[in-house]
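Protein chains: 2
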Amino acid sequence: MQIRRYLPILQWLPHYGRKPLVSDLLAALIVTVMLIPQSLAYAMLAGLPPEVGLYASIAPLVIYTLFGTSRTLAVGPVAVVSLMTAAAIGNIATPGSSEYIAAALILALLSGAILVLMGLARLGFLANFLSHPVISGFITASGLIIAASQTKHILGIEGSGHTLIALGQSMAANINQLNLPTLAIGVSVLAFLYVTRRWLKRLLISLGTPARAADMLTKAAPILAVAITTYATWAFGLNHQGVAVVGDIPSGFPPLTLPGGDSGIWQELFLAALLISIVGFVESVSVGQTLAAKRRQQIDPNQELIGLGTANIASSFTGGMPVTGGFSRSVVNFEAGAETPAAGAFTAVGIMLATLFFTPFIAYLPIATLAATIIIAVLSLVDFGTIQRTWQYSRSDFSAMLATIIVTLGVGVESGIIAGVSLSLALHLYRTSRPHSAVVGRVPGSEHFRNVKRHAVETDPHLVILRIDESLYFANARYLENTVTAIAAGQPPLRHVVIACQAVNVIDASALESLEAINARLHDMGTTLHLAEVKGPVMDRLKKTAFINELTGQIFLSTYDAWQALHTTDDHNTQKQRYVTQPSSSP
Amino acid sequence: MQIRRYLPILQWLPHYGRKPLVSDLLAALIVTVMLIPQSLAYAMLAGLPPEVGLYASIAPLVIYTLFGTSRTLAVGPVAVVSLMTAAAIGNIATPGSSEYIAAALILALLSGAILVLMGLARLGFLANFLSHPVISGFITASGLIIAASQTKHILGIEGSGHTLIALGQSMAANINQLNLPTLAIGVSVLAFLYVTRRWLKRLLISLGTPARAADMLTKAAPILAVAITTYATWAFGLNHQGVAVVGDIPSGFPPLTLPGGDSGIWQELFLAALLISIVGFVESVSVGQTLAAKRRQQIDPNQELIGLGTANIASSFTGGMPVTGGFSRSVVNFEAGAETPAAGAFTAVGIMLATLFFTPFIAYLPIATLAATIIIAVLSLVDFGTIQRTWQYSRSDFSAMLATIIVTLGVGVESGIIAGVSLSLALHLYRTSRPHSAVVGRVPGSEHFRNVKRHAVETDPHLVILRIDESLYFANARYLENTVTAIAAGQPPLRHVVIACQAVNVIDASALESLEAINARLHDMGTTLHLAEVKGPVMDRLKKTAFINELTGQIFLSTYDAWQALHTTDDHNTQKQRYVTQPSSSP
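Here the protein sequences line up with chains A and B, keeping their order. The letter at position 559 of the first sequence is residue 559 when you use UniProt numbering, and the numbering goes up by one with no holes. The letter at position 515 of the second sequence is residue 515 when you use UniProt numbering, and the numbering goes up by one with no holes.
Calculated from the structure, these hints are not laboratory results. Hints are not guaranteed to be accurate.
[What the hints assert, rightly or not] Simulated pairs of lysine-lysine, BS3-like, Cα-Cα distance not exceeding 27 Å: (1) K535(B) <-> K453(B); (2) K201(A) <-> K294(A); (3) K294(A) <-> K19(A); (4) K535(A) <-> K453(A); (5) K535(A) <-> K294(B); (6) K535(A) <-> K19(B); (7) K535(B) <-> K453(A); (8) K201(B) <-> K453(A); (9) K453(B) <-> K543(A); (10) K294(B) <-> K19(B); (11) K294(B) <-> K201(B).
Bear in mind the structure is a predicted one, so any value in this text is a computation, not a measurement.
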């Protein structure tokens with residue numbers, strides 16, 4: 001049972017038969033065709049030689065087949081993780097240098113180790129730190145930066161930098177290098193891909209092609225652009241007219257690599273590896289869960305951490321780069337009919353064959369074609385609609401999203417995520433630091449108690465019953481102190497304060513100290529503190545504390561018990577002062 | 001009204017009369033006597049010349065009288081803030097150098113500006129990040145470090161470092177410098193202060209002294225130790241036998257100073273200033289609120305930020321150092337009968353007079369005496385009882401406290417606070433990331449719904465009603481997705497899922513996206529999603545979203561409405577399958 005949990009392949013391999021084999025082979029063929037240009041392009045985006053992208057699409061896929069729980073997730077290099085890789089290792093080495101390639105291996109190993117450890121420690125919940133607005137703002141901003149960074153390849157000029165401003169300045173300075181043949185190829189491919197993406201599927205369907213086949217053919221458009229522009233470059237010798245091409249790629253099996261380097265580099269890459277792990281995991285789990293649900297299947301997020309982690313470790317030992325589950329490829333894999341993770345292993349075989357036999361043909365592939373492929377792919381990540389919807393729904397979520405976008409574009413990807421996460425946390429703490437609370441009174445003739453500001457209820461000038469609508473913990477402990485102290489100081493004849501705790505699931509040590517402080521302060525004012533409706537688990541804890549003995553009042557089972565006890569023990573004078581408040585104008 | 005809020009002095013000065021004048025003067029006299037040795041000692045602890053402590057006890061007190069809302073808070077140099085000052089500026093300058101003194105001024109100005117800005121922006125809630133276990137662990141650890149750092153003055157040797165280990169190593173290496181006359185003075189004062197603190201009050205009371213007077217006399221013991229050891233050093237020429245003394249202090253008014261330096265220093269000190277501000281504010285507000293409550297008064301935390309901030313700014317312009325409201329001095333001020341903040345201004349006059357006329361007498365004051373005063377004062381901060389109580393009450397609070405203590409002792413004060421705050425936040429998110437939720441069923445014959453695991457209730461195999469006992473936000477959004485997906489995947493004939501939202505006060509953008517994902521996934525499984533008991537404000541927001549149209553099911557006012565609608569619309573076949581679950585063994 002334990003082995004099956006950590007090796008999910010044992011759950012499906014024993015039942016593997018002819019039917020899923022055929023489906024998986026077909027899906028693998030389509031994903032391979034899609035993955036060849038993508039893997040080359042994302043390696044380039046990360047500043048790495050193109051073959052690194054191919055290597056990262058072989059061993060990691062086989063390993064994910066063993067350890068992953070999603071039946072249809074397509075693992076490999078993806079755009080956002082490649083951008084983060086470039087930003088991280090660009091700080092410590094020059095792109096193209098051997099230190100740069102070595103740093104990518106270290107990053108993949110660190111990221112893989114972090115994911116595996118998180119999985120073993122069942123720390124998948126850490127991904128919750130990344131709220132939806134932060135991740136969606138981050139992906140939109142990343143898409144814009146990636147598109148901007150690829151523009152230089154379309155123009156055939158040089159450019160560098162990891163922020164929009166730095167990229168723009170650097171490209172503007174080099175605009176005199178503009179190469180017209182490169183521009184012609186780049187713009188043609190952009191136009192071709194845009195048109196096929198937008199209209200080809202509809203056209204094919206109107207010509208009688210089945211919807212699914214039309215979809216698959218549309219997704220294969222990039223490989224057509226690759227084939228045509230590669231042939232044109234070779235046939236017309238465009239590489240001698242300044243068109244940059246991929247060039248010779250070593251063919252053969254992926255190399256065995258051993259990530260190494262001094263401990264300083266490992267330390268410098270740690271934060272980047274952590275952020276890459278979490279962003280990659282969140283992306284991967286989202287698409288994995290969505291696809292699984294369509295077939296009433298489930299994925300196990302903690303085992304996914306192990307699956308993605310081992311895939312990254314495999315990548316680092318076979319000349320690769322950080323990988324994760326990609327959105328678009330996984331959808332294609334799913335729609336092409338993949339039934340088991342075996343489709344991933346078959347894809348790896350496909351990429352392996354490509355690495356062995358097709359690399360000579362790739363030598364004439366123009367860089368501009370790859371850049372156009374990337375631009376069209378990432379512009380679908382840019383989602384202004386979500387920004388607008390978030391603005392309408394919640395200003396606080398919007399501000400976290402906006403901070404993420406602005407800092408990502410203007411400072412960098414790591415700072416962007418950290419800013420967004422910090423702001424979401426601060427806003428959350430701010431919200432829960434002022435929990436809803438209400439002074440309640442008795443609905444006449446009943447055992448019910450309602451907000452005195454909203455209902456016509458009985459109250460007693462000597463007794464305040466305060467209902468708190470949230471768990472009591474460090475973020476709101478002081479607010480509780482302030483609220484109770486203000487109520488007590490503002491109502492001089494007060495004798496009793498009752499805190500009604502029906503909504504309190506937890507009282508942490510900070511809130512306990514606040515209750516002790518409230519108890520002592522009320523005592524100094526000559527007022528008694530009582531509790532009511534304390535839940536079982538909360539009461540169990542309180543019983544272990546000195547507070548329970550120091551409490552000047554009692555703990556009542558219900559608010560009504562408290563009302564009866566504290567209200568009827570008052571003298572006749574008080575009874576007469578009792579009054580019914582009028583409902584206020586608030587709803 | 002607005003002016004009175006920002007200048008609280010206007011609230012009490014117009015009614016100021018003879019009676020409070022006499023009380024305030026008496027309290028100021030006693031606090032002055034206590035503050036003279038303390039201000040010298042805490043300046044020394046911060047690595048600053050002794051007169052800086054005196055300067056920091058003049059202008060800041062006058063300014064706090066104008067802007068502070070506590071009637072009895074005694075502002076000035078305090079132990080923990082002085083330790084944090086030493087740690088912060090010790091990183092960028094050599095103690096005793098003019099850069100070091102200049103850095104203290106910058107730190108006070110930065111800290112003051114941060115406090116004022118927090119006050120104006122009403123950001124007092126940021127102090128909630130510091131949970132009680134973290135602050136109490138931090139103060140205990142700080143007390144231990146301070147005591148260790150002062151031991152070198154008792155022994156008459158040199159030593160440096162800001163962690164227990166570094167201090168210990170450094171002192172062990174210099175133990176050959178041991179000076180016997182210094183040791184004799186240090187140990188005598190330690191013993192004297194310990195004995196008076198422990199038994200003098202009791203002795204005086206048993207001799208017939210009134211309790212309050214006995215208390216005041218006990219608190220004045222340090223000034224007696226100062227007087228005696230200073231006289232002895234002068235009379236026997238101990239300063240020529242290796243006893244380090246305070247030496248010449250410039251007498252006269254505090255200097256006017258203008259904090260300056262390159263922007264690098266300001267940036268380096270920013271984080272330290274922020275932490276000093278927050279720690280100082282939390283300390284100050286706690287004691288302020290406790291004392292105010294004893295007289296049924298109130299303080300305004302946001303105005304306190306302005307009061308403490310302006311006091312620090314005043315300190316930076318008059319040759320001082322970071323200040324805050326001190327615990328022990330405030331209690332003395334309160335018990336000595338201070339009635340208004342005027343007592344603080346009178347204390348400032350007292351310290352001013354001391355600076356003008358008493359500094360020649362202080363020249364022979366042994367450093368060992370000041371060190372003994374500090375050690376006795378800070379050992380009362382070390383509170384192992386709280387550590388034990390926190391262990392018993394909550395393991396998660398205890399782990400945050402322990403992390404704070406260990407990192408503070410082993411790495412440094414800033415790292416200690418940051419570690420504690422990060423861990424409390426992570427633990428809080430972990431807890432709320434798995435909100436309590438229950439599948440509920442109908443209590444037969446009623447409109448009530450209860451947990452199916454705890455009660456004998458009616459259920460329907462086609463209908464699951466899930467009650468969520470927490471607001472839905474980014475930390476638990478994915479948990480909700482996983483929970484609902486798991487329930488739906490595990491119950492094949494399921495047609496309807498109802499999420500009962502009576503405990504949901506907020507649905508943030510992340511949770512909204514999760515609800516959309518749940519809705520879509522259930523739809524793919526052929527299951528309909530409904531909501532019930534959505535609160536008014538939550539509903540108002542949902543109405544603005546596309547989710548409300550995409551929702552495959554309905555929104556019911558009550559769980560019972562949902563049960564009736566979804567249950568009765570089922571066919572007869574289902575009706576028969578309905579069953580009553582047995583109560584489980586759980587309570």
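Structure versus earlier hints - violations, ascending order: 5, 6 and 8
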